[in-house]
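There are 2 protein chains.
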Amino acid sequence: MDEFSIIDKYFTGIGFQHPSVVVGSGDDCAVLKQHTDFELCTSTDTLISGVHFPVDCSGAIVAHRSLVANLSDLCAMGASPVSFLLSLTMPEAINSWLSCFADRLSELSKLHQIMLVGGNIAKGPLAVTITVLGTVPRGAALLRSSAKVDEAIFVTGELGMAAAGLKVVEEQLNTHNLLKSAYFYPSPQVEFAESLIGRASACIDISDGFLADLSHLCEDSGIGAEIETSDIFLSDSLCAYAGSEALDFALYGGDDYELCFSVPACFVDDIRKLALIKKTRISQVGSTIAKKGISLIKDGQKIAADVKGYTHF
Amino acid sequence: MDEFSIIDKYFTGIGFQHPSVVVGSGDDCAVLKQHTDFELCTSTDTLISGVHFPVDCSGAIVAHRSLVANLSDLCAMGASPVSFLLSLTMPEAINSWLSCFADRLSELSKLHQIMLVGGNIAKGPLAVTITVLGTVPRGAALLRSSAKVDEAIFVTGELGMAAAGLKVVEEQLNTHNLLKSAYFYPSPQVEFAESLIGRASACIDISDGFLADLSHLCEDSGIGAEIETSDIFLSDSLCAYAGSEALDFALYGGDDYELCFSVPACFVDDIRKLALIKKTRISQVGSTIAKKGISLIKDGQKIAADVKGYTHF
Numbered sequence: 001m002d003e004f005s006i007i008d009k010y011f012t013g014i015g016f017q018h019p020s021v022v023v024g025s026g027d028d029c030a031v032l033k034q035h036t037d038f039e040l041c042t043s044t045d046t047l048i049s050g051v052h053f054p055v056d057c058s059g060a061i062v063a064h065r066s067l068v069a070n071l072s073d074l075c076a077m078g079a080s081p082v083s084f085l086l087s088l089t090m091p092e093a094i095n096s097w098l099s100c101f102a103d104r105l106s107e108l109s110k111l112h113q114i115m116l117v118g119g120n121i122a123k124g125p126l127a128v129t130i131t132v133l134g135t136v137p138r139g140a141a142l143l144r145s146s147a148k149v150d151e152a153i154f155v156t157g158e159l160g161m162a163a164a165g166l167k168v169v170e171e172q173l174n175t176h177n178l179l180k181s182a183y184f185y186p187s188p189q190v191e192f193a194e195s196l197i198g199r200a201s202a203c204i205d206i207s208d209g210f211l212a213d214l215s216h217l218c219e220d221s222g223i224g225a226e227i228e229t230s231d232i233f234l235s236d237s238l239c240a241y242a243g244s245e246a247l248d249f250a251l252y253g254g255d256d257y258e259l260c261f262s263v264p265a266c267f268v269d270d271i272r273k274l275a276l277i278k279k280t281r282i283s284q285v286g287s288t289i290a291k292k293g294i295s296l297i298k299d300g301q302k303i304a305a306d307v308k309g310y311t312h313f
Numbered sequence: 001m002d003e004f005s006i007i008d009k010y011f012t013g014i015g016f017q018h019p020s021v022v023v024g025s026g027d028d029c030a031v032l033k034q035h036t037d038f039e040l041c042t043s044t045d046t047l048i049s050g051v052h053f054p055v056d057c058s059g060a061i062v063a064h065r066s067l068v069a070n071l072s073d074l075c076a077m078g079a080s081p082v083s084f085l086l087s088l089t090m091p092e093a094i095n096s097w098l099s100c101f102a103d104r105l106s107e108l109s110k111l112h113q114i115m116l117v118g119g120n121i122a123k124g125p126l127a128v129t130i131t132v133l134g135t136v137p138r139g140a141a142l143l144r145s146s147a148k149v150d151e152a153i154f155v156t157g158e159l160g161m162a163a164a165g166l167k168v169v170e171e172q173l174n175t176h177n178l179l180k181s182a183y184f185y186p187s188p189q190v191e192f193a194e195s196l197i198g199r200a201s202a203c204i205d206i207s208d209g210f211l212a213d214l215s216h217l218c219e220d221s222g223i224g225a226e227i228e229t230s231d232i233f234l235s236d237s238l239c240a241y242a243g244s245e246a247l248d249f250a251l252y253g254g255d256d257y258e259l260c261f262s263v264p265a266c267f268v269d270d271i272r273k274l275a276l277i278k279k280t281r282i283s284q285v286g287s288t289i290a291k292k293g294i295s296l297i298k299d300g301q302k303i304a305a306d307v308k309g310y311t312h313f
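Residue numbers (UniProt numbering), protein chains in the order written: chain R, 1 to 313; chain H, 1 to 313.
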């Protein structure tokens, strides 16, 4: 099967069709409408077999994690998804795997209203690179660098679940399905993220670990943060698996694809209401402070924080 | 060295800075201005070590070929380059290789005024995925599907040089440097492509081979083509290396990153003048015809054409 046959069979016309797309897949480039009142947000991320997901993952898991990792970057800017490009390299074309991959991609595309507008397929080690495009109202993108002192720091979701899930997978346990599911099928905060526009002053996605990513936000904003560890929500599933290490999973574990954002006092109630309406769990876990660095408070005591996160080399 | 140190050391702030970029590298997404009068063109392409370039290639060659392969897709739409995202995976971080890669990327970025606005670096088999973004006036993108019957078919450049160059490399010859250079350091038709807007009716980039890509243009436009092989320019370098096979390299060889476009009679003189002004070699190699398929004429006789091109699997 050549590249074009694979594209025709599995990818042509699948998923959501976005009204901003003038020309989708099949030409040298996709062509998209622009509007002066909006800005374009774009990001790319590669997931490699054996590095970013276990080597024996189903096509559905690979498709899911690849697209969500990228969607989460759009969320971190408050951007609305528009389209994505897919670059898939694989050692051989296995019909069942491709079918499973394309089906999941199509489902997620419809769910998050993001249209597949191009890409390429080549022979090589299994890896997926997705590039996402989205839009925000002009000047409204949520940057990492714009947090101010004395703002509330929030996180979405249940931290540490994905990292614990990966460990469960590596230990080949047949239990802790909620944790495994959090790792294999993360949910990006697409809808809630859009409602942060105009309310949050800075935002980052948590994929390298909560503290590592919070430290990026603080550094880029030239401020620090004080985190009250007892305010970090630890799910029953995480506690049942990790016991006394649950907090460490939440602080340091990667792959969560949740958002960490800072909110001026005047918008805190508003944000809480929006989270209720959107049925999104958010937790206020601390505040921004003038002193640089991250202070962790546990049982009234400051504890040391390791903010390195995941390193590739 | 972690991902962030590599990015800081080699990639932060390099190359051209584009005025349309509001936020470049360093946040979850890049942010770009939009304008209602323009449309966005985007494409992505992956180059894999051992598949798309020899395993022992220098960083400069890998950077060059990766960016040009993508720039050429923008050219094929008549789009002006704006920005690109880089996803680089490599088994280890070798300073000399990275330095060479980043320097070449920076040079090309300045030459073609395309700004590096983000990406990621991960551990894995050596591969480069670049996504390019460019703009065209609204409604003016040069599609593959809009060629009409009785138009002149042109190609830019010297076909077959890159494919012959690859063969020279594979044969480990120390001669035929122009051919090797055509393979390692292709030149995209950025400036000339922009002047095709409003004049050419359809355009495609030739990277899978001239006949293979011409057949895509014809199929998508629902027409055919008649090609006079004696009108295809064969360079002295190609003839010196390939002898009687020179035409086959020109017809079937990949990696040329030249353009094939169709032009209505009323714009043919105009296009020729523009090519002179831009110092771009163009050759009128045939015409579009109503009968589907591609007819090759050699010495007044029709010869068979193989239009399959490169297949990955």
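In short, the hints are calculated from the structure, not lab data.
These figures come from a predicted structure and were not determined experimentally.
It cannot be assumed that every hint is accurate.
In silico DSBU-like cross-links for lysine-lysine, where the CA-CA straight-line distance does not exceed 30 Å [said to hold, decoys possible]:
(1) H/LYS291 with R/LYS292
(2) H/LYS33 with R/LYS9
(3) H/LYS148 with R/LYS148
Across the chosen pairs, the derived CB separations fall in these ranges [to be verified]:
(4) H/LYS292 with R/THR12: 19 to 29 Å
(5) R/GLU92 with H/GLN172: 24 to 34 Å
(6) R/LEU173 with H/HIS35: 24 to 34 Å
From the three backbone atoms N, C-alpha and C, an ideal C-beta is built for every residue, glycine too.
Each hint, compared with the structure:
no.	hint	verdict
1	H/LYS291 with R/LYS292	violated (72 Å)
2	H/LYS33 with R/LYS9	violated (36 Å)
3	H/LYS148 with R/LYS148	violated (59 Å)
4	H/LYS292 with R/THR12: 19 to 29 Å	holds (21 Å)
5	R/GLU92 with H/GLN172: 24 to 34 Å	holds (29 Å)
6	R/LEU173 with H/HIS35: 24 to 34 Å	violated (54 Å)
Hints 1, 2, 3, 6 from the earlier list are contradicted by this structure; the remaining hints agree with it.
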